[in-house]
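Engineer: As a plain string of letters, each chain reads:
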Amino acid sequence: GQSLEQPSEVTAVEGAIVQINCTYQTSGFYGLSWYQQHDGGAPTFLSYNGLDGLEETGRFSSFLSRSDSYGYLLLQELQMKDSASYFCALTGGGNKLTFGTGTQLKVEL
Amino acid sequence: DVKVTQSSRYLVKRTGEKVFLECVQDMDHENMFWYRQDPGLGLRLIYFSYDVKMKEKGDIPEGYSVSREKKERFSLILESASTNQTSMYLCASTTAYEQYFGPGTRLTVT
Numbered sequence: 001g002q003s004l005e006q007p008s009e010v011t012a013v014e015g016a017i018v019q020i021n022c023t024y025q026t027s028g029f030y031g032l033s034w035y036q037q038h039d040g041g042a043p044t045f046l047s048y049n050g051l052d053g054l055e056e057t058g059r060f061s062s063f064l065s066r067s068d069s070y071g072y073l074l075l076q077e078l079q080m081k082d083s084a085s086y087f088c089a090l091t092g093g094g095n096k097l098t099f100g101t102g103t104q105l106k107v108e109l
Numbered sequence: 001d002v003k004v005t006q007s008s009r010y011l012v013k014r015t016g017e018k019v020f021l022e023c024v025q026d027m028d029h030e031n032m033f034w035y036r037q038d039p040g041l042g043l044r045l046i047y048f049s050y051d052v053k054m055k056e057k058g059d060i061p062e063g064y065s066v067s068r069e070k071k072e073r074f075s076l077i078l079e080s081a082s083t084n085q086t087s088m089y090l091c092a093s094t095t096a097y098e099q100y101f102g103p104g105t106r107l108t109v110t
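Line by line, the protein sequences are chains A and B.
According to the numbering used here, the first sequence is numbered sequentially starting from 1.
According to the numbering used here, the second sequence is numbered sequentially starting from 1.
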C-alpha cells in the first residue's frame, strides 16, 4: 500500500515563510499533489509535481524528490487567509489520490 | 466555472437505514471519486469510477456501494447505515491530476 506522513500542525507568523514536509512510501506513483482545505470547506488543488524539482505558483512552491521519497510545500509571504489544512497526496492509476493525514497551518499576527 | 455539487450539506439518518448520497459534476469528467474525511485520518477513498457503469473499490469500500448510470452523476449508497459511518463525505471528479471537490455532506448516523 501507500502511506504519507506530514506534521500534524505548523505555526508561523504573518509575512514569514513556512515549509510543510511530506514523506511517503509507495511502490509506484505518477506525481505528488498538494491541496488546501479551510475549515468547513472543500479541498482545493494547489500544485502538482510529476517530475523531480520545484514548481512555483505565485506565493506557493512545491518540491519533489523521488530518490528521497520526499516532497514539500513552501508558502511565502504568509497571510492570515493561509490558515488552513494542507494535504499532500500521491497520484496513482486512474488519477486516484492517496492523501496524507494533513497539516494544520496556523498563521499568527 | 467548474462545479461539483452534492445533494445535501447535512444529513441525519438512523442506524439500519439505506442512505443515498448524490454527486453531480458539470465538467464532462470521466473519473469520479467518493472519499470520507475523519479527524486525524485525512481523506480516504471509498470507491471510484472511470466511466459510466464502471466502478472500482478504493481503500475502505466495506459497507458502501456506488452507482454511475450517467457520466455526470455518481451516487454513494450506504446499504445499512451504522454509527461508524458518521463522517464527512466528499465527492470529486477529474480528467487529469487535478481533482475538483464538492462541498461535502456531513452525515450523522444515530
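In short, the hints are calculated from the structure, not lab data.
Hints may be right or wrong, so weigh each one.
Incomplete in silico selection of chain B near chain A, CB under 7 Å [as the list claims (entries may be wrong)]:
#1 Gly16
#2 Phe20
#3 Asn31
#4 Phe48
#5 Pro103
Label pairs and their calculated CB-CB ranges [stated by the list, open to error]:
#6 B:Glu69 - A:Glu56: 37 to 47 Å
#7 A:Asn21 - B:Ser8: 44 to 54 Å
#8 A:Gln19 - B:Ser67: 16 to 26 Å
#9 A:Gln79 - B:Lys13: 17 to 27 Å
#10 A:Gln25 - B:Gly63: 20 to 30 Å
#11 B:Ile60 - A:Gly40: 41 to 51 Å
#12 A:Glu108 - B:Lys13: 37 to 47 Å
#13 A:Glu14 - B:Glu17: 13 to 23 Å
#14 B:Asn84 - A:His38: 22 to 32 Å
#15 B:Ser67 - A:Asp52: 23 to 33 Å
#16 B:Ser7 - A:Leu74: 20 to 30 Å
#17 A:Lys81 - B:Lys3: 19 to 29 Å
#18 B:Ser82 - A:Leu74: 16 to 26 Å
#19 A:Val13 - B:Asp51: 23 to 33 Å
As the structure is a computational prediction, the values presented were derived from the model and not from experiment.
Heads up, the beta-carbon is just placed ideally off N, CA and C, and yes, glycines get one too.
Engineer: If a hint holds in the structure, say so; if it doesn't, say that too.
Structural biologist: Structure-based check of all given hints:
Against a cut-off of 7 Å between C-beta atoms, the interface hint on Gly16 (chain B) is violated, since the closest Cβ of chain A lies about 29 Å away. The closest approach between the C-beta of Phe20 (chain B) and any C-beta of chain A is roughly 20 Å, which is over the 7 Å cut-off, so the hint fails. Among the interface hints, the one on Asn31 (chain B) holds; its C-beta lies about 5 Å from the nearest C-beta in chain A, closer than the 7 Å criterion. Interface hint status for Phe48 (chain B): upheld, as the beta-carbon distance to the closest one in chain A is roughly 6 Å, under 7 Å.
With a least beta-carbon distance of about 5 Å to chain A, the hint placing Pro103 (chain B) at the interface is held under the 7 Å criterion. Between Glu69 (chain B) and Glu56 (chain A) the CB atoms are about 42 Å apart, so this pair conforms to the stated range of 37 to 47 Å. Separation of Asn21 (chain A) from Ser8 (chain B) is about 36 Å and departs from the stated range, judged on CB atoms against 44 to 54 Å. Between Gln19 (chain A) and Ser67 (chain B) the CB atoms are about 42 Å apart, so this pair departs from the stated range of 16 to 26 Å.
Between Gln79 (chain A) and Lys13 (chain B) the beta carbon distance is about 39 Å. The supplied range of 17 to 27 Å is therefore violated. As the Cβ distance of Gln25 (chain A) to Gly63 (chain B) is approximately 27 Å, the hint placing it in 20 to 30 Å holds. Roughly 23 Å separates the CB atoms of Ile60 (chain B) and Gly40 (chain A), a value that falls outside the hinted 41 to 51 Å. At roughly 40 Å, the beta-carbon separation of Glu108 (chain A) and Lys13 (chain B) lies within the given 37 to 47 Å, and the hint holds.
Checked against the hint of 13 to 23 Å, the pair Glu14 (chain A) and Glu17 (chain B) fails, with Cβ atoms roughly 47 Å apart. One distance hint, 22 to 32 Å for the beta-carbon pair Asn84 (chain B) and His38 (chain A), holds here, with the actual separation near 27 Å. A C-beta distance of roughly 40 Å is found between Ser67 (chain B) and Asp52 (chain A), which places it outside the suggested range of 23 to 33 Å. A C-beta distance of roughly 38 Å is found between Ser7 (chain B) and Leu74 (chain A), which places it outside the suggested range of 20 to 30 Å.
The supplied range of 19 to 29 Å is met by Lys81 (chain A) and Lys3 (chain B), whose beta-carbon atoms lie about 23 Å from each other. Against the hinted window of 16 to 26 Å, the Cβ-Cβ separation of Ser82 (chain B) and Leu74 (chain A) comes to about 42 Å, which falls outside the hint. Checked against the hint of 23 to 33 Å, the C-beta distance between Val13 (chain A) and Asp51 (chain B) comes to roughly 48 Å, which is inconsistent with it.
Hints 1, 2, 7, 8, 9, 11, 13, 15, 16, 18, 19, counting from the list given before, are not met by this structure.
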